[in-house]
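Colleague: Spelled out from the first residue to the last, the chains are:
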Amino acid sequence: DAGVIQSPRHEVTEMGQEVTLRCKPISGHNSLFWYRQTMMRGLELLIYFNNNVPIDDSGMPEDRFSAKMPNASFSTLKIQPSEPRDSAVYFCASSFWGADTQYFGPGTRLTVL
Amino acid sequence: EDQVTQSPEALRLQEGESSSLNCSYTVSGLRGLFWYRQDPGKGPEFLFTLYSAGEEKEKERLKATLTKKESFLHITAPKPEDSATYLCAVQANAGGTSYGKLTFGQGTILTVHP
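Just so you know, the sequences run in chain order W and U. The first sequence runs 1 to 113 under this note's numbering. The second sequence runs 114 to 227 under this note's numbering.
Keep in mind that the hints were calculated from the coordinates and are not lab data. We put the beta carbon where it would ideally sit given N, CA and C, even for glycine. Please note that the accuracy of each hint is not assured.
[Stated by the list, open to error] Here are the computed distance ranges between Cβ atoms for each label pair:
no.: 1; chain 1: U; residue 1: Lys182; chain 2: W; residue 2: Val12; range: 42 to 48 Å
no.: 2; chain 1: U; residue 1: Gln127; chain 2: W; residue 2: Thr111; range: 35 to 41 Å
no.: 3; chain 1: W; residue 1: Glu18; chain 2: U; residue 2: Ser165; range: 45 to 51 Å
no.: 4; chain 1: W; residue 1: Asn51; chain 2: U; residue 2: Ser141; range: 21 to 27 Å
no.: 5; chain 1: W; residue 1: Pro84; chain 2: U; residue 2: Gly167; range: 43 to 49 Å
[To be verified] Restricting the straight-line Cα-Cα distance to at most 16 Å, the calculated cross-link-like pairs of lysine to aspartate or glutamate (EDC-like) are:
no.: 6; chain 1: U; residue 1: Lys214; chain 2: W; residue 2: Glu44
no.: 7; chain 1: U; residue 1: Lys214; chain 2: W; residue 2: Asp100
no.: 8; chain 1: W; residue 1: Lys78; chain 2: W; residue 2: Asp63
no.: 9; chain 1: U; residue 1: Lys214; chain 2: W; residue 2: Asp57
no.: 10; chain 1: U; residue 1: Lys192; chain 2: U; residue 2: Asp152
no.: 11; chain 1: U; residue 1: Lys182; chain 2: U; residue 2: Glu168
no.: 12; chain 1: W; residue 1: Lys78; chain 2: W; residue 2: Glu14
no.: 13; chain 1: U; residue 1: Lys214; chain 2: W; residue 2: Asp56
[Said to hold, decoys possible] One side of the interface only, derived from the structure: several residues of chain W facing chain U at Cβ under 8 Å:
no.: 14; residue: Ser31
no.: 15; residue: Gly42
no.: 16; residue: Leu43
no.: 17; residue: Phe91
no.: 18; residue: Asp100
no.: 19; residue: Gln102
no.: 20; residue: Tyr103
no.: 21; residue: Phe104
Make a model of the complete structure from these sequences and hints.
Modeller: Written out as structure tokens, the structure is:
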């Protein structure tokens, strides 16, 4: 199994630019989670989906952040416009709905200059 | 609000020197407590899930235990390859939109010297 796939692995952009992060969950998993990790705040849940439907987006910090899951094998997290304080590592994780274990991808390290 | 506090923030051990990491939690009904290992530049890797007080799970040199207020990750005779950040997370036994959510602690950075 390929595991959770994220792209790009690294992204450097300038303030004000649009950033799109991508995630492919493990085949067969029907829950998908987006997390952000920083030194100050640790690992925080931003949003999660069940069967492609957003269930809880209360962790999304601002309206500049949006996430979509158009099908069971693909999700995006978009930041528009980006700001330096958005710099962090963004992780995607997936699981079976009702199962406890979430499997994480390798992350995307975002740097906003 | 669910809260997870891990201690110590960092732990340095000599190879073979056993020790324990602590995870204290408050949650409105515990569905599960999770331990993950995270290596630099990688995503968290699942280690254990504990569901009820008194439960224990083992994997190689690691043993996780659970009480009603905290969990311990015991490391017996650690090796340098055990060096990593160990994360603890809780999942509340709540319905609706809370289902599936993990709340993570800040982690303990473990360094094992040869």
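Colleague: Next step is simple, just say for each hint if it's right about the structure.
Modeller: Right, here's what the structure says about each hint:
| no. | hint | result |
| --- | --- | --- |
| 1 | Lys182/U with Val12/W: 42 to 48 Å | holds, 43 Å |
| 2 | Gln127/U with Thr111/W: 35 to 41 Å | holds, 36 Å |
| 3 | Glu18/W with Ser165/U: 45 to 51 Å | holds, 46 Å |
| 4 | Asn51/W with Ser141/U: 21 to 27 Å | holds, 26 Å |
| 5 | Pro84/W with Gly167/U: 43 to 49 Å | holds, 47 Å |
| 6 | Lys214/U with Glu44/W | holds, 10 Å |
| 7 | Lys214/U with Asp100/W | holds, 10 Å |
| 8 | Lys78/W with Asp63/W | holds, 10 Å |
| 9 | Lys214/U with Asp57/W | holds, 11 Å |
| 10 | Lys192/U with Asp152/U | holds, 15 Å |
| 11 | Lys182/U with Glu168/U | holds, 13 Å |
| 12 | Lys78/W with Glu14/W | holds, 15 Å |
| 13 | Lys214/U with Asp56/W | holds, 9 Å |
| 14 | Ser31 | holds, 6 Å |
| 15 | Gly42 | holds, 5 Å |
| 16 | Leu43 | holds, 4 Å |
| 17 | Phe91 | holds, 5 Å |
| 18 | Asp100 | holds, 5 Å |
| 19 | Gln102 | holds, 7 Å |
| 20 | Tyr103 | holds, 7 Å |
| 21 | Phe104 | holds, 3 Å |
Taken one by one, the earlier hints all hold for this structure without exception.
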